[in-house]
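2 protein chains.
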Amino acid sequence: MDTAEFRRRGKEMVDYVADYLENIEKRQVYPDVEPGYLRSLIPEEAPEQPETYEDVVKDIERVVMPGITHWHSPYFFAYFPTANSFPAILADMLSGAIGCVGFSWGTASEATLVALLAARCRMVKRILSDDPERPEADIISKLVAYSSDQAHSSVERAGLIGGVRMRKIPSDSKFSVRGEALRKVLEEDKAAGLIPFYFCATLGTTPSCAFDYITEIGPICNTEGIWMHIDAAYAGSAFICPEFRPLLDGVEFADSFNFNPHKWLLVNFDCSTMWVKNRTDIIAAFKMDPLYLKHDHQESGIHTLHTHTHTHTHSICHWQIPLGRRFRSLKIWFVFRMYGLRGLQDHIRKHVALAKEFEALVRVDERFQISAEVVLGLVCFRLKGSNDLNEALLKRINSARRIHLVPCQLSGRFVLRFAVCARTTESRHVQEAWAHITQLATELLRQFPQ
Amino acid sequence: MDTAEFRRRGKEMVDYVADYLENIEKRQVYPDVEPGYLRSLIPEEAPEQPETYEDVVKDIERVVMPGITHWHSPYFFAYFPTANSFPAILADMLSGAIGCVGFSWGTASEATLVALLAARCRMVKRILSDDPERPEADIISKLVAYSSDQAHSSVERAGLIGGVRMRKIPSDSKFSVRGEALRKVLEEDKAAGLIPFYFCATLGTTPSCAFDYITEIGPICNTEGIWMHIDAAYAGSAFICPEFRPLLDGVEFADSFNFNPHKWLLVNFDCSTMWVKNRTDIIAAFKMDPLYLKHDHQESGIHTLHTHTHTHTHSICHWQIPLGRRFRSLKIWFVFRMYGLRGLQDHIRKHVALAKEFEALVRVDERFQISAEVVLGLVCFRLKGSNDLNEALLKRINSARRIHLVPCQLSGRFVLRFAVCARTTESRHVQEAWAHITQLATELLRQFPQ
Numbered sequence: 001m002d003t004a005e006f007r008r009r010g011k012e013m014v015d016y017v018a019d020y021l022e023n024i025e026k027r028q029v030y031p032d033v034e035p036g037y038l039r040s041l042i043p044e045e046a047p048e049q050p051e052t053y054e055d056v057v058k059d060i061e062r063v064v065m066p067g068i069t070h071w072h073s074p075y076f077f078a079y080f081p082t083a084n085s086f087p088a089i090l091a092d093m094l095s096g097a098i099g100c101v102g103f104s105w106g107t108a109s110e111a112t113l114v115a116l117l118a119a120r121c122r123m124v125k126r127i128l129s130d131d132p133e134r135p136e137a138d139i140i141s142k143l144v145a146y147s148s149d150q151a152h153s154s155v156e157r158a159g160l161i162g163g164v165r166m167r168k169i170p171s172d173s174k175f176s177v178r179g180e181a182l183r184k185v186l187e188e189d190k191a192a193g194l195i196p197f198y199f200c201a202t203l204g205t206t207p208s209c210a211f212d213y214i215t216e217i218g219p220i221c222n223t224e225g226i227w228m229h230i231d232a233a234y235a236g237s238a239f240i241c242p243e244f245r246p247l248l249d250g251v252e253f254a255d256s257f258n259f260n261p262h263k264w265l266l267v268n269f270d271c272s273t274m275w276v277k278n279r280t281d282i283i284a285a286f287k288m289d290p291l292y293l294k295h296d297h298q299e300s301g302i303h304t305l306h307t308h309t310h311t312h313t314h315s316i317c318h319w320q321i322p323l324g325r326r327f328r329s330l331k332i333w334f335v336f337r338m339y340g341l342r343g344l345q346d347h348i349r350k351h352v353a354l355a356k357e358f359e360a361l362v363r364v365d366e367r368f369q370i371s372a373e374v375v376l377g378l379v380c381f382r383l384k385g386s387n388d389l390n391e392a393l394l395k396r397i398n399s400a401r402r403i404h405l406v407p408c409q410l411s412g413r414f415v416l417r418f419a420v421c422a423r424t425t426e427s428r429h430v431q432e433a434w435a436h437i438t439q440l441a442t443e444l445l446r447q448f449p450q
Numbered sequence: 001m002d003t004a005e006f007r008r009r010g011k012e013m014v015d016y017v018a019d020y021l022e023n024i025e026k027r028q029v030y031p032d033v034e035p036g037y038l039r040s041l042i043p044e045e046a047p048e049q050p051e052t053y054e055d056v057v058k059d060i061e062r063v064v065m066p067g068i069t070h071w072h073s074p075y076f077f078a079y080f081p082t083a084n085s086f087p088a089i090l091a092d093m094l095s096g097a098i099g100c101v102g103f104s105w106g107t108a109s110e111a112t113l114v115a116l117l118a119a120r121c122r123m124v125k126r127i128l129s130d131d132p133e134r135p136e137a138d139i140i141s142k143l144v145a146y147s148s149d150q151a152h153s154s155v156e157r158a159g160l161i162g163g164v165r166m167r168k169i170p171s172d173s174k175f176s177v178r179g180e181a182l183r184k185v186l187e188e189d190k191a192a193g194l195i196p197f198y199f200c201a202t203l204g205t206t207p208s209c210a211f212d213y214i215t216e217i218g219p220i221c222n223t224e225g226i227w228m229h230i231d232a233a234y235a236g237s238a239f240i241c242p243e244f245r246p247l248l249d250g251v252e253f254a255d256s257f258n259f260n261p262h263k264w265l266l267v268n269f270d271c272s273t274m275w276v277k278n279r280t281d282i283i284a285a286f287k288m289d290p291l292y293l294k295h296d297h298q299e300s301g302i303h304t305l306h307t308h309t310h311t312h313t314h315s316i317c318h319w320q321i322p323l324g325r326r327f328r329s330l331k332i333w334f335v336f337r338m339y340g341l342r343g344l345q346d347h348i349r350k351h352v353a354l355a356k357e358f359e360a361l362v363r364v365d366e367r368f369q370i371s372a373e374v375v376l377g378l379v380c381f382r383l384k385g386s387n388d389l390n391e392a393l394l395k396r397i398n399s400a401r402r403i404h405l406v407p408c409q410l411s412g413r414f415v416l417r418f419a420v421c422a423r424t425t426e427s428r429h430v431q432e433a434w435a436h437i438t439q440l441a442t443e444l445l446r447q448f449p450q
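Line by line, the protein sequences are chains A and B.
Take 1 as the starting number for the first sequence in UniProt numbering and just add one per residue.
Take 1 as the starting number for the second sequence in UniProt numbering and just add one per residue.
Calculated directly from the structure, the hints in this document are not laboratory data.
One or more hints might be untrue.
[Unchecked claim] Derived EDC-like pairs: lysine to aspartate or glutamate, alpha-carbon spacing no greater than 20 Å straight-line:
1) A:Lys142 with B:Asp138
2) B:Lys11 with A:Glu373
3) B:Lys26 with A:Asp2
4) A:Lys356 with A:Glu373
[Unchecked claim] Residues of chain A clear of chain B, computed beta-carbon distances all greater than 12 Å:
5) Ala18
6) Arg39
7) Asn84
8) Asp92
9) Glu133
10) Pro170
11) Gly179
12) Ala191
13) Trp275
14) Gly343
15) Leu378
16) Lys384
17) Arg402
Built from N, CA and C at the ideal position, the CB exists for glycine as well.
With the sequences and hints as input, model every part of the structure.
As structure tokens, then:
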């Protein structure tokens, strides 16, 4: 869909929304459908080729509306109000267009925490079943969770919130955790009387897009009864391309897995998906059942479309910290149908190719070096020279305001991260960015010869 | 703004969005403004009277855009991508219009948890400063948090997540907690060697919209060093009307306060606001500082508009569980300006009047009784008779699909909750609903005479 079509479709959607709200009281306030009604109405898989917008729109009334509870019907008197007004809808349209992130990395953090809490609950129960007299506080004080020294800060925060010890496993020269490194730390900790219970593996770390060796780590975790959570917040989207699927080898050992379609799969922020191997582990950690949340289909294992996007369904309000979420699955559904698998793969491949193009530019300039293997859409690079020099370069780049980069630290070195981000980035933007960076570098090196 | 105007404005907004995205690369990718730039551009307070939409729209370029980092500019290479596509924007428009809640009561739950974690951290530090040798696990195992027996299930869940003991304080005949009831439990628990550290007071409980006596509870909490959090998820919106402000007396004793504009203040789901008395307590519980999150204005105490809606600003990514959020403050801003304080007050007062109208209808029908004082927009009522009878009535009401209600339990009794919810609910809908309910009751009582 190009901008011209968006102008047309957007205006049609405005009319649809206006019609819907103008006539809402003619709709039955509460749906008649049974859980699972969607299954026969939609295909098993996302379409290979893009569908037309007309086809998608036709299905709003056919597929979506029969499952909707009309919270804004004047005949809805349940729970408490949930707000709705025209200005807020207009603002949300704009907010969606700007699509900026309040601050970065959204709800992969929450998935990391939810998995850690489930793992904590599972381990406490396991130990209590062998030793029912042992005080729970004593068990929790001995628990220890692990992640790579390259893992996102939200992993450390999850440990802090869960009130458990957290230890970082040293990564190798490629910034990945190997099984051997984990095993060494586990032996030390068990000898000291600690109880290992959780490992957060990262596929595509934030600093350099490194991949932990889950084929080595997974079997160790399974043997030791350690919950392995995989955080693939960024890289997860790439697995829709067969050529990147080998990066996912070992996923079969995981207890939970998370990635963010709102990062790299064309679904506007925020939209994060979490998969859990054994849902009872999650439910045990969160379950509460007040009367005002009781509903007829609680135990059926299937939820209607107005809930949100987790692979397992069931009563999802027991699976997370807030009870409610926005209707995010709708965004995924539109995007999958309008792009098709091919369109989404094209998007991923184009970004990876642009990163490779940038990498090639860096490699032919002898003043620069590449700091980590370029696997997907991220290039880590720096000027050969001191950290101060690179910090000065970054400062000039960001002060000039033509492009925007952030740094990272790899093995004590200050490194610049060039991440291909926008849907509309083309080769010419990459070429221009590199010309701009090298010009600033030339000026810098003229003023401060190395 | 009526539907006709929404049709016009929505189409203008579609064009604005299309123009913005079509020309985004002409905009400077990263803003020049200093933190605080907004302060001189916007009034100190929300407008008393509605403003025109033209005035709001003019300010998008004047006020908002200068503070925006354009995440979808092809010159943006920082962090990782955040997704954006036209189908997702269209879906979000529809999602906003449907405005259903994935499941209920949104992020007040998160505020309750965040406050509990901050309180836990504050109490552990306080005890360690007196007794540095005491093991942290021992302190945590003695901590005890409190709430009313009427409090929302998310309070209990917060205790479960935080790994602390949770105790419910018995409410009085009006379903409110009095100071005396809290004091009694505190004495027992302290005598047993426990450490009280957190009380979650509710203003407007979920079952019956009851108000805890915070003028009595607050001073006790302050004296004992107990963190008092106020959950006013629903009722909070009513405090924009002076006549409801006395319900807020005692708020000065609170350490934190939460309410949901997405419930009753015409801001589409989701949008929840939290106020904290001393921000260092929150920061201490969450702070992490990786290099890729460092930015120039970290310590300045002011954030630009692309962050979200908490009363205190600072580096808000340290204040919560996820790092990122959607651009929700935009919705509040549009709504406050387009309705003005008067318009919002009218909305609240209309809902309360409709609840009183329904209450009066119930009171003149001798077969029914009112089960709790009607303070705001919620009426708790039941047929005089058994719980089974009332359960049967509710079942008939919800099976008929014309209106939708949920039940609650008050003092062991099965009670029906009639909450005025939709913006468009009018007297005729309330009258119709009551006629419908009484007809079903008549049929039921004919079949099963009491």
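Verification of the supplied hints:
At most 20 Å may separate the alpha-carbon atoms for a hinted pair to count; Lys142 (chain A) and Asp138 (chain B) meet this at roughly 12 Å. Between Lys11 (chain B) and Glu373 (chain A), the direct Cα distance comes to roughly 46 Å. Violation of the 20 Å bound is thereby established for this hinted pair. Between Lys26 (chain B) and Asp2 (chain A) the alpha-carbon distance is near 18 Å, which keeps this suggested pair within the 20 Å criterion. For a cut-off of 20 Å, the pair hint linking Lys356 (chain A) to Glu373 (chain A) stands: about 10 Å separates their Cα positions.
Listed as outside the interface, Ala18 (chain A) is inconsistent with that label: its C-beta sits roughly 5 Å from the nearest C-beta of chain B, within the 12 Å cut-off. Listed as a non-interface residue, Arg39 (chain A) keeps its Cβ farther than 12 Å from every Cβ of chain B; the least gap is roughly 19 Å. Chain B draws Asn84 (chain A) into its interface by the beta-carbon criterion, the shortest separation being 4 Å against a cut-off of 12 Å. Listed as outside the interface, Asp92 (chain A) is inconsistent with that label: its C-beta sits roughly 5 Å from the nearest C-beta of chain B, within the 12 Å cut-off.
With a closest Cβ-Cβ approach of about 15 Å to chain B, Glu133 (chain A) is found to remain outside the 12 Å limit, as its non-interface label requires. Under the 12 Å C-beta cut-off, the non-interface status given to Pro170 (chain A) relative to chain B holds; the minimum distance is some 17 Å. Its beta-carbon lying about 25 Å from the closest one in chain B, Gly179 (chain A) satisfies the requirement of being farther than 12 Å from that chain. Non-interface call for Ala191 (chain A) relative to chain B: holds, since the shortest CB-CB distance, roughly 20 Å, exceeds 12 Å.
No beta-carbon of chain B comes within 12 Å of the beta-carbon of Trp275 (chain A); the shortest separation is about 18 Å. Non-interface call for Gly343 (chain A) relative to chain B: violated, since the shortest CB-CB distance, roughly 10 Å, does not exceed 12 Å. Annotated as non-interface, Leu378 (chain A) brings its C-beta within 12 Å of a C-beta of chain B; the closest such distance is 8 Å. Its beta-carbon lying about 20 Å from the closest one in chain B, Lys384 (chain A) satisfies the requirement of being farther than 12 Å from that chain.
Residue placement check: Arg402 (chain A) does not keep its beta carbon more than 12 Å from all beta carbons of chain B (closest about 6 Å).
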